[in-house]
Structures are given as C-alpha cells and as structure tokens.
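Got chain A sorted already, so can you dock chain B onto it with the hints?
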Amino acid sequence: AQTVTQSQPEMSVQEAETVTLSCTYDTSESDYYLFWYKQPPSRQMILVIRQEAYKQQNATENRFSVNFQKAAKSFSLKISDSQLGDAAMYFCAYKDYGQNFVFGPGTRLSVLP
Amino acid sequence: GAGVSQSPSNKVTEKGKDVELRCDPISGHTALYWYRQRLGQGLEFLIYFQGNSAPDKSGLPSDRFSAERTGESVSTLTIQRTQQEDSAVYLCASSYGKYTDTQYFGPGTRLTVL
Chain A
1 AQTVTQSQPE MSVQEAETVT LSCTYDTSES DYYLFWYKQP PSRQMILVIR QEAYKQQNAT
61 ENRFSVNFQK AAKSFSLKIS DSQLGDAAMY FCAYKDYGQN FVFGPGTRLS VLP
Chain B
1 GAGVSQSPSN KVTEKGKDVE LRCDPISGHT ALYWYRQRLG QGLEFLIYFQ GNSAPDKSGL
61 PSDRFSAERT GESVSTLTIQ RTQQEDSAVY LCASSYGKYT DTQYFGPGTR LTVL
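Read top to bottom, the protein sequences are chains A and B.
Residue numbering for the first sequence follows my numbering, starting at 1 and increasing by one per position.
Residue numbering for the second sequence follows my numbering, starting at 1 and increasing by one per position.
Looking at chain A on its own, in the form it has when it is part of the complex (with noise of 0.2 Å):
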C-alpha cells in the first residue's frame, strides 16, 4: 500500500524569507501523481501544486516551487518570499492512476512578521 511521509509536524518562517517542506511517500507504481493542498484554519482544501511523475522538471506556481526526485521517493515543497497568509496546515498527497489518494499526516506552518 502506498504511505506518505511529513516528517516535520510543525516549521515556522519569518515573513519574506524562504521555507521547505519535506514529503517523501512510497509506491511500486511508476506513474502517479503528487500533490501539495494548504488548510488554512478555515479548514477548506486548497490545492497548491500538483506534479506528474512521468514529467521530470518540477512544477512551478508562483513562489511555490517543488523538489521532485522520483529515485528518492522525495517531493518537496519550497516557498519563496513567504506571507502571513501562508500560515496553514500543508499535507503533501499521493494519487496513483486508479481511485487511491493517500495525504501524508500535515505539517504546520507559521510565518512570523
């Protein structure tokens, strides 16, 4: 069965600086998909970053960027110039190309201004 791993439960961030978030899940598959969602404490998903795993240069959404390695089983999310609304909840989630999503346990960020 495939896991997914965040093995930071909590980092903070000071406003404008840069953080990353650590992801790492196991799979047989070779093709899937990868996510990162943010749950802000009004508690609706929302979907950062999503990365295909057949495709090797890592995805790219504004000042959310991932580290992808696929050998390594690691997907990282970093975030550049962080903000206060950035402070959330961040699950990295697995979906293979069935039915099966897996979200990893969260980690949760702070930014301090």
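Because the hints were derived from the structure by calculation, they are not lab data.
One or more hints might be untrue.
Residues of chain B placed beyond 10 Å of chain A at every Cβ, according to the derived structure [claimed, not checked]:
no.	residue
1	Ser7
2	Val12
3	Val19
4	Ala54
5	Pro61
6	Glu68
7	Arg81
8	Glu85
One side of the interface only, derived from the structure: several residues of chain A facing chain B at Cβ under 8 Å [to be verified]:
no.	residue
9	Arg50
10	Phe103
11	Pro105
Sample of chain A residues at the chain B side, in silico, Cβ under 8 Å [unchecked claim]:
no.	residue
12	Arg43
13	Gln99
14	Phe101
15	Gly106
Where is the CB? At the ideal position from N, CA and C, for every residue including glycine.
Quick look at chain B alone, frame taken from chain A:
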C-alpha cells in the same frame, strides 16, 4: 462555477443520536470522496463513489457509518448512534473522473458529539 458545498457547516449532537451530513459536488464531477479529519491530524479516507459503480467502502470505520449517492449528484454520509470519538471534521471532495487527478474539496462539516 460553484465549488463543492457541504452542509451543515457545524453540527453538535448528543451521544447516541444519528446524524446526516450532505455534500454537493461540482456539477459534472463523477468521482466523490468522503474523508474524516480528527483534530490536528491528517485526512482519513472513508468512502469513494465513481459514477454508477459500486462504492469503495473500505475506509468506513464501523457499520455505524454509511453513505449514499444517487448518480453523480448529492451524497449523504450517515453516522448512526454517534460516539464521542466520531467528533471530527468530515470533508467531501469531488473530481472529474476516476482517472483524473485533482480533487476539489468542500469546506467540511465539523461534528461535535457531546
């Protein structure tokens, strides 16, 4: 267009009562997921619907939990004889189809069992 909606936003109930939670997926989305999120924890898969196929109920924690979905429309999650450990946020998500990737989440229902 409209996103995924869930009702009620919050529900407080007494132990032993039954509750029904509702999810309205995005129009045209054939896949629908229910998750449970206990305080400070990650998402726990409960059940998955795909079109008119038999649902995947492998995540339901006990026979007190059940869910229905008519076609590709509204889904209801029912918890019978609620227990205090059922207190959690229940999240619903939909996606365009089984083989598509991105899920879109509703705002969740916070259930508190006294």
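Results for each hint:
no.	hint	in the structure
1	Ser7	holds (14 Å)
2	Val12	holds (16 Å)
3	Val19	holds (18 Å)
4	Ala54	holds (12 Å)
5	Pro61	holds (16 Å)
6	Glu68	holds (18 Å)
7	Arg81	holds (26 Å)
8	Glu85	holds (18 Å)
9	Arg50	holds (6 Å)
10	Phe103	holds (4 Å)
11	Pro105	holds (4 Å)
12	Arg43	holds (5 Å)
13	Gln99	holds (5 Å)
14	Phe101	holds (6 Å)
15	Gly106	holds (5 Å)
The earlier numbered hints are all upheld by this structure, with none contradicted.
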